Structures are given as structure tokens and as C-alpha cells.
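Student: Based on the provided sequences and hints, a complete structural model is requested.
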Amino acid sequence: MHFTRSGALVALMMISGLASAEVRIDGPVEYGVFDGPNAELQSGERVLRRSNEHIQATQAVPAKLGTKFGLRYQLVGKVAEDTPLTLLYLTPGIRTPDGIRHDKFEVTQKLVPGAPQDVMAYEFTERHEVVPGEWRFMVFQGDRLLTQKNFTVR
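Under mature numbering (1 follows the signal peptide of the UniProt record, and there is no 0), read the sequence shown as residues -21 to -1, 1 to 133, first letter to last.
In short, the hints are calculated from the structure, not lab data. What you were told as hints is all true, and nothing was included just to trick you.
Quick list of in silico lysine to any residue cross-link-like pairs, SDA-like style, CA-CA up to 25 Å:
(1) Lys43 - Thr131
(2) Lys83 - Met117
(3) Lys43 - Thr104
(4) Lys83 - Pro41
(5) Lys47 - Lys83
(6) Lys47 - Gly15
(7) Lys128 - Gly6
(8) Lys89 - Val58
(9) Lys83 - Glu102
(10) Lys57 - Leu125
(11) Lys128 - Gln88
(12) Lys83 - Ala36
(13) Lys57 - Gln96
(14) Lys89 - Gln120
(15) Lys83 - Val98
(16) Lys43 - Glu113
(17) Lys43 - Val109
(18) Lys89 - Val55
(19) Lys43 - Val86
(20) Lys47 - Asp82
(21) Lys47 - Gly6
(22) Lys47 - Pro63
(23) Lys47 - Pro71
(24) Lys57 - Gln88
(25) Lys83 - Arg106
(26) Lys89 - Asn31
(27) Lys47 - Asp14
(28) Lys83 - His107
(29) Lys128 - Tyr101
(30) Lys83 - Glu113
(31) Lys47 - Arg115
(32) Lys43 - His107
(33) Lys89 - Glu1
(34) Lys43 - Glu9
(35) Lys128 - Val91
(36) Lys128 - Glu32
(37) Lys43 - Glu108
(38) Lys128 - Ile4
Keep in mind it's a predicted model, so treat the numbers as computed, not measured.
Tutor: In C-alpha cells:
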């Protein structure tokens, strides 16, 4: 009887330990401009890109169509049903063709335990998106800030 209680207690402690595991950044966070094709793009054009592109480490981002910039990082402690990530993009003020100004974009991203790396990036695909100034990228899980980086688009 004593053995059964001990076994149940150990199992309960293991389960509660798994439930309280926190997602966290493991290793360095890569940031900057993603290497991509050097094609001159028109508004609305996109080029198929690889997920493992080299990142030129910089906070200075060229203000031109086709530029992709952001962060690449590795998360540990991911559980599929856990609180998703919130990717918050603070912009200097993108004005869409309908005249509405957007100072932020918020994207919810489910956790994918098998993914070796996670990416938060923005690619200029429309002329109205290419706005010079300070851009701030922030990755949250719930109300916990996991990482952030500022970029200057010129």
C-alpha cells in the first residue's frame, strides 16, 4: 500500500513538472536581413524562398521591395497544446491603400514541438509596406517576452 502511494506521488510530481515547463530561447538569436534573390520585384510579386536562408546580421534594413528581415531562434520546452506565441510587429506606421494606418501587426503562432527553429520575419511585398523608420519585433508567450529586436528601415 505504501509503495502505491509513493508511485502515485512520483507520477503526480512528474506530470506537474511537465505542465509547468516554460518555453524559452535556447542559444543565440539570429537577426538581420535574410539573403534572398537579387531580383527587382514589382509591387505584389513574391519569390519562393528557402527556410534556411543565411541572415546578414544587421539592424539597418534597405527600404526596397523583396527585402525580408527579422529573427530566427530556437525554442525549447514547446508543447503543442501550450499557450501559442504572439509575434508583435511595431511599425513606423504603414498606411494601406484604403487609407488606414497600422502601427502594429499581431500574429498568433501555434507551438510546433518538432520544428528545429522558429522565425519571425517581415518581407516587403507591396510598395505601401516599405516605410522608413524604427521597426520593433517582439515574441511573447502569453505575457512573457521571449525576445525582441529593433530594426531601422532606410
